[in-house]
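Number of protein chains: 2
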Amino acid sequence: MTFGLTPQLRLDKDKVEANCRRMARRARDLGVRLRPHMKTAKSIDVARLATAGQFGGITVSTLAEARYFADHGIRDITYAVGIVPGKVADVMAIDARIGVIGDSLAIVGEVDAAVGEVDAATRGHDRVLPFWIEIDCGAGRAGVEADGGELVSIAGAIDGATNLAFAGVLTHAGHSYHCTDIAAIRRVAEMERAKVVRAADRIRAAHIDCPQVSVGSTPTMVHAEHLTGVTEMRPGVYMFGDLDQVRLGTCANDDLALFVDATVIGHNRRAGYVLIDAGGLALSKDRGEVGEGYGRIMDHPDVIVADVNQEHGMLACAGGEPPPFDRLMVGSRVRVIPNHACMTAAAYAEYRLLDDEMTIWPRVNGW
Amino acid sequence: MTFGLTPQLRLDKDKVEANCRRMARRARDLGVRLRPHMKTAKSIDVARLATAGQFGGITVSTLAEARYFADHGIRDITYAVGIVPGKVADVMAIDARIGVIGDSLAIVGEVDAAVGEVDAATRGHDRVLPFWIEIDCGAGRAGVEADGGELVSIAGAIDGATNLAFAGVLTHAGHSYHCTDIAAIRRVAEMERAKVVRAADRIRAAHIDCPQVSVGSTPTMVHAEHLTGVTEMRPGVYMFGDLDQVRLGTCANDDLALFVDATVIGHNRRAGYVLIDAGGLALSKDRGEVGEGYGRIMDHPDVIVADVNQEHGMLACAGGEPPPFDRLMVGSRVRVIPNHACMTAAAYAEYRLLDDEMTIWPRVNGW
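Line by line, the protein sequences give chains A and B.
Note that our numbering has the first sequence beginning at 607, numbered continuously upward.
Note that our numbering has the second sequence beginning at 607, numbered continuously upward.
Heads up, some of the hints might be wrong.
Claimed, not checked - Covered stretches of chain B (chain A as the covering partner; in silico rule of three or more C-beta atoms under 8 Å from a C-beta of chain A): (1) 662 to 675; (2) 711 to 723; (3) 881 to 887.
Unchecked claim - Residues from chain B shown here face chain A by an in silico Cβ test under 8 Å; the list is partial: (4) Arg875; (5) Met949; (6) Ile966; (7) Val970; (8) Trp973.
If you are wondering where the hints come from, they were derived from the structure by calculation, not from laboratory data.
Think of the CB as a built atom: it goes at the ideal place given N, C-alpha and C, for glycine as much as any other residue.
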């Protein structure tokens with residue numbers, strides 16, 4: 607790997623630290639513990655900043671992340687994508703307490719049996735797998751309804767399972783990303799809180815212990831008015847921020863910590879484009895919630911990445927006018943602010959720190 | 607890495623071989639040499655199939671690819687993204703003949719000087735860098751106009767440069783991807799051919815030797831009626847095919863060689879979704895030229911990946927009806943056909959062969 611070659615992924619460590627401190631204060635003020643979601647950062651160096659002063663648990667989105675963070679000493683991990691029996695052996699092989707999530711009675715029984723089989727085959731002593739019930743708080747992706755008939759049956763099945771430990775109820779307000787103002791995000795945050803607390807109340811009313819009540823999404827955690835009844839939060843992208851997060855009011859432009867450095871490789875005056883060497887692979891094809899291009903150029907606030915091919919980005923003004931060619935000389939560097947940090951960062955094996963290009967923080971991509 | 611975990615990238619080696627043989631025949635029939643573009647495959651194992659029986663040169667889209675393929679013995683490589691002086695030292699450090707491309711007089715002079723500096727600093731003997739002129743054949747991304755005033759000046763500057771060798775003219779008909787029928791692709795193919803041949807003719811009329819005339823894009827190479835005056839083609843995605851390529855008539859469904867294997871992780875009957883563990887990272891957020899979802903499910907031709915989050919894919923019928931829940935059981939495997947192979951494959955460090963999951967072909971991602 608040669609230094610100085612673009613595109614490269616840059617991280618402002620000071621901004622990451624400040625963003626982590628801000629969310630830690632927010633969790634304390636709201637009276638919940640912080641279990642940061644590492645799906646954006648996928649880096650132990652960032653995880654150390656995000657868990658500093660916290661209870662030490664994290665959330666992950668892949669088993670590759672779970673293995674990596676366990677190998678780096680993190681002992682309490684929630685794998686927050688629906689578990690299936692076929693993945694249990696891999697979960698059990700990781701040397702950490704890995705909580706899993708599910709939303710159906712059938713899965714509970716099959717996972718319980720799978721844990722028993724793995725345990726019998728590999729260890730010969732009883733271990734239990736922490737199992738969370740996923741609640742649909744209105745996002746409509748996965749999870750049972752807080753008021754649905756299945757909820758208490760699932761909790762009972764987990765509670766009665768040989769190899770599972772009921773960890774609590776968990777939800778994610780993914781629909782907060784589609785809000786167009788903060789009042790709407792507050793309403794989603796209250797729906798997220800109320801639904802998952804309602805689920806916990808119903809389970810407890812059936813005399814089943816429900817230790818944790820977990821919510822998460824950066825927009826709802828920043829804008830929620832209160833989290834009464836909730837015990838933990840799981841936001842993730844707040845560590846870095848991105849254009850979507852600025853629009854959602856969860857951070858200011860000055861809080862942004864993640865960038866793609868690119869080189870101007872050409873001027874196409876006929877088409878009205880400045881060409882850079884960061885295209886669809888380097889930025890992702892995530893158009894963001896606004897759908898306006900593939901990123902913005904720092905220090906040139908009018909200029910966006912209007913279009914991308916695999917290795918080419920086409921810069922133009924947001925209004926469609928030609929970009930300032932004479933201020934974007936061929937061979938010069940530009941810094942791109944991504945629409946969606948999670949998608950953009952995934953193209954890179956590592957971060958290079960903003961204040962020292964020679965310092966590399968590795969990432970764990972893949973599955 | 608545990609075997610059997612999804613999502614995983616699968617490659618049908620027999621289909622890749624057949625696709626490579628078909629394009630090799632096509633090049634022979636059209637009377638041009640084949641310099642396959644490795645930007646999709648990024649794999650030496652695939653490059654061996656694509657160059658079998660050919661002259662051995664390849665095309666790449668990143669310097670990471672150039673280094674990797676040179677390390678694996680490929681000696682003639684065109685780096686087909688506009689060069690800037692700041693990348694010359696990295697190009698010169700690679701142990702192969704790396705051709706570079708450019709489209710402006712200023713770049714020619716600066717690259718020439720940069721080559722001289724690197725050569726003086728590191729070797730002390732003269733080396734020349736093959737330099738191609740990029741022609742805009744109508745795609746409107748990069749390149750000089752075939753009839754423009756700059757073309758012959760640039761050729762003269764390369765020809766007169768101390769450290770550069772004029773390799774020829776090169777173009778890419780990226781606009782073929784936007785065509786909606788084969789007749790339109792044929793017209794684009796003829797525009798691609800005619801423009802670059804016109805550029806070569808003008809350069810030769812100025813008594814400058816123009817050794818190569820290079821075109822490329824899978825749609826135009828499959829559908830071109832003739833390539834009179836052209837010397838080489840540089841298609842890439844034909845090795846695998848994808849949904850965009852089926853639509854463009856460059857391959858049949860039965861020729862497709864690249865898939866993402868995923869697991870059904872949930873049923874959301876309220877929302878009318880089957881959930882899989884392949885989302886925006888595993889499939890990419892490329893919606894394809896048709897813009898209909900993020901992939902199709904093999905063996906369930908009505909079912910598409912209607913929406914994605916980072917690690918979740920939501921399956922539904924293309925018409926919006928609910929998917930066949932009882933034929934997509936939780937825990938079962940599905941095979942996703944990607945919209946755009948280049949973007950989807952880039953999320954994976956390796957291929958697993960379709961006929962043998964234990965055989966891994968590595969990929970070279972990043973820059």
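Structure-based check of each hint:
1. 662 to 675: holds (count 3)
2. 711 to 723: holds (count 3)
3. 881 to 887: holds (count 4)
4. Arg875: Violated: closest Cβ of chain A sits about 10 Å from arginine 875 of chain B, beyond 8 Å.
5. Met949: Status holds, d = 6 Å.
6. Ile966: Violated. Min distance 12 Å.
7. Val970: violated, 11 Å
8. Trp973: holds, 6 Å
Checked against the numbered hints given earlier, the structure breaks hints 4, 6 and 7 and satisfies all the rest.
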